[in-house]
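Could you slot chain B onto chain A? The hints should help.
Protein chains: 2
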Amino acid sequence: MRGVVLHAPGDVRVEHRNDPAIIDPTDAIIRISATCVCGSDLWDYRGIHPVKDPMPIGHEYCGIVEEVGAEVTTIRPGQFVIGSFTASDNTCPHCLAGYQSSCEHRQYVGAGGAQAEALRVPLADGTLVATPGLPDDELLPSLLTASDVLGTGWFAAVAAGVRPGSTAVVVGDGAVGLLGVLSARQLGAERIIVMSRHESRQKLARVFGATDIVTERGDDGVAQIKELTAGLGADAVLECVGTGESFEQALRSARPGGGVGIVGLPHGVTVSGRDLFLSHVRVAGGPAPVRRFLPELIELIWEGRIDPGQVFDLALPLDRAADGYAAMDSRRAVKALLRP
Amino acid sequence: MRGVVLHAPGDVRVEHRNDPAIIDPTDAIIRISATCVCGSDLWDYRGIHPVKDPMPIGHEYCGIVEEVGAEVTTIRPGQFVIGSFTASDNTCPHCLAGYQSSCEHRQYVGAGGAQAEALRVPLADGTLVATPGLPDDELLPSLLTASDVLGTGWFAAVAAGVRPGSTAVVVGDGAVGLLGVLSARQLGAERIIVMSRHESRQKLARVFGATDIVTERGDDGVAQIKELTAGLGADAVLECVGTGESFEQALRSARPGGGVGIVGLPHGVTVSGRDLFLSHVRVAGGPAPVRRFLPELIELIWEGRIDPGQVFDLALPLDRAADGYAAMDSRRAVKALLRP
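Read top to bottom, the protein sequences are chains A and B. Here the first sequence is numbered in UniProt numbering, starting from 1 and rising by one per residue. Here the second sequence is numbered in UniProt numbering, starting from 1 and rising by one per residue.
No wet-lab data here; the hints were simulated from the structure. Here a beta-carbon is modelled for each residue, glycine too, at the ideal position from N, C-alpha and C. Careful: at least some of the hints might be erroneous.
[Said to hold, decoys possible] Derived Cβ-Cβ restraints for the label pairs, each shown as a range:
#1 A:H49 x B:R217: 29 to 35 Å
#2 B:G218 x A:N18: 41 to 47 Å
#3 A:H16 x B:E216: 50 to 56 Å
#4 B:T270 x A:K203: 35 to 41 Å
#5 A:K203 x B:G47: 40 to 46 Å
[As the list claims (entries may be wrong)] A few chain B positions that, by computed beta-carbon distances, are all more than 10 Å from chain A:
#6 S33
#7 L42
#8 H49
#9 V51
#10 R76
#11 P135
#12 Q186
#13 E199
#14 G221
#15 L228
#16 R255
#17 L300
#18 P317
[As the list claims (entries may be wrong)] Covered stretches of chain B, as calculated for chain A (at least 3 residues, CB under 8 Å):
#19 85-98
#20 271-277
Isolated chain A (complex conformation) (with noise of 0.2 Å):
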């Protein structure tokens, strides 16, 4: 099959890789519909997590069930599916908990290179959920952000707390920021306010839901969502990038008893014990459960009831994929699909 590999920070290829098999008597093996760029890949990209020998990539991903191993007892061939990027047993205590990312049993399904025409998906069972019936083609964006972009942003929202009337702020505009605003809204958030600085972003942060724009950053990005907010920070805040300055932003953006959520991996992000005490503020995320999430996003999505499909700007046949991931990483694109 054809499959994207990372050779070098900037080096993307299409190649032929060996078919996935079925290891495990839990794994599935997956035809993959749609897959994507994520942010997370452009830290590989850019060198910033180094490569050291060429590497599939890629954990986002939807498609039909094409095998299913002998212990595999939900999921059939044929079935239209969607996982998260943690493959997890949903049965442990942390799984029932809702923290299927922490899953006791839990592996990296994008070690096998989502972006691909195949992908084995481990513990099939417990990681991978069917939509009603097979998509419309035209259901394949929105699904597949399901997968993790949505999920993700969907976390940050309830990591930090969102309720119906709450005053959300979202630092970040990337897709899992934009998705962000979309989860807020469609957990009740009265107010949303997006720190951004790009138009086509804030038109993309409008559709999606956002009320008010931020464009300055600091001490002026502070005091101009303090004045938003009736002198007294937010409710919410979804962090959804993973800098120092990013979670700063975050944590003096909320009100004292408000929260902030992080689900961006952070990168040399020290906190200060004193000022995240003295501020009051709450604050929850890691990396996202998705798998808790989706069954309620299918269900969403299914019913037209969202359409976070939006915030793919770019759609290439998967031998483009380098495309792709120039174009995300010089920031033309938000977020970039790729079609086997």
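The following block gives chain B in isolation, referenced to the frame of chain A:
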């Protein structure tokens, strides 16, 4: 009047001070019935917080209202009252949200030095809570704890997310930690594990409801907690110390999806964003909004349902305040009560 004055590290004196007087029309003057030495006073006593000029000290108090300002409407002379170390209007949005220690008009009551015969309390209506009548003498120690140390332990349990059936860990066996145990029990925790190496404190922890004691620290401490919690970690961890070691101990003792409540002012604590993120643990807390809990705590004490006053293992006349500081500094006493 007589009052405690800290002159320099280790130099605590009881001296003549001017009687407090009404300054603002929202003030009250209280005749102190009982006061005490707080673990946080030791930061000053030990010179960790530098003392420039002789400083009246103490911020825990209960007593009888002597005089009120012209704008005080709910508090009356003759009432027995308890207040927090933070004066709050109890009407601003932060107060209404339950974060009175972030009140828009907050003042530090301790600036007046509560270890004295009398004390000026600003914002009396929003700060003080009257008991149903004049208390018997034996209730004084318990009522005094509500002023800070019990309210702070209670907030640790609330911020950590203790619920009926929870497994809780308490890091720290000082007065706050011990009353954190009592609080976790009251909030319904079924299993309460205390990290303590001091036999007398372990004993009191058991009186307050601890079910297990862990004497190990660091990796061994975490291993013990995991062993006691089926490998999972605790639902709720009360961090009642405020050092880097205690914070790390707390974070590593909680299960994914669990919470850490921080109530000890952090000294030199920096938190790795990545550790926090990967832990899946929620962190909340800060300066305890004691005022939120005062009515409930007073009721529990008044009805004899809790006896937090046992945390005082030393009671001295005010004139011997220096002995109280020395006993706590050397950990010979958990907490010293002072009677003017």
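Consistency of the hints with the structure:
1. A:H49 x B:R217: 29 to 35 Å: holds, 33 Å
2. B:G218 x A:N18: 41 to 47 Å: holds, 45 Å
3. A:H16 x B:E216: 50 to 56 Å: holds, 54 Å
4. B:T270 x A:K203: 35 to 41 Å: Once the Cβ atoms are compared, 39 Å apart, the range 35 to 41 Å for K203 (chain A) and T270 (chain B) holds.
5. A:K203 x B:G47: 40 to 46 Å: violated, 58 Å
6. S33: Since the minimum Cβ distance to chain A is about 31 Å, S33 (chain B) lies beyond 10 Å and the statement holds.
7. L42: Nearest chain A Cβ is 18 Å from L42 (chain B), so the label holds.
8. H49: holds, 13 Å
9. V51: holds, 20 Å
10. R76: holds, 31 Å
11. P135: The assertion about P135 (chain B) holds, with a minimum of 31 Å to chain A.
12. Q186: holds, 22 Å
13. E199: holds, 30 Å
14. G221: holds, 19 Å
15. L228: holds, 14 Å
16. R255: violated, 7 Å
17. L300: Per Cβ check, L300 (chain B) is outside 10 Å of chain A; nearest 23 Å; holds.
18. P317: holds, 35 Å
19. 85-98: holds (count 4)
20. 271-277: Holds: 6 residues of the segment 271-277 of chain B have a Cβ under 8 Å from chain A.
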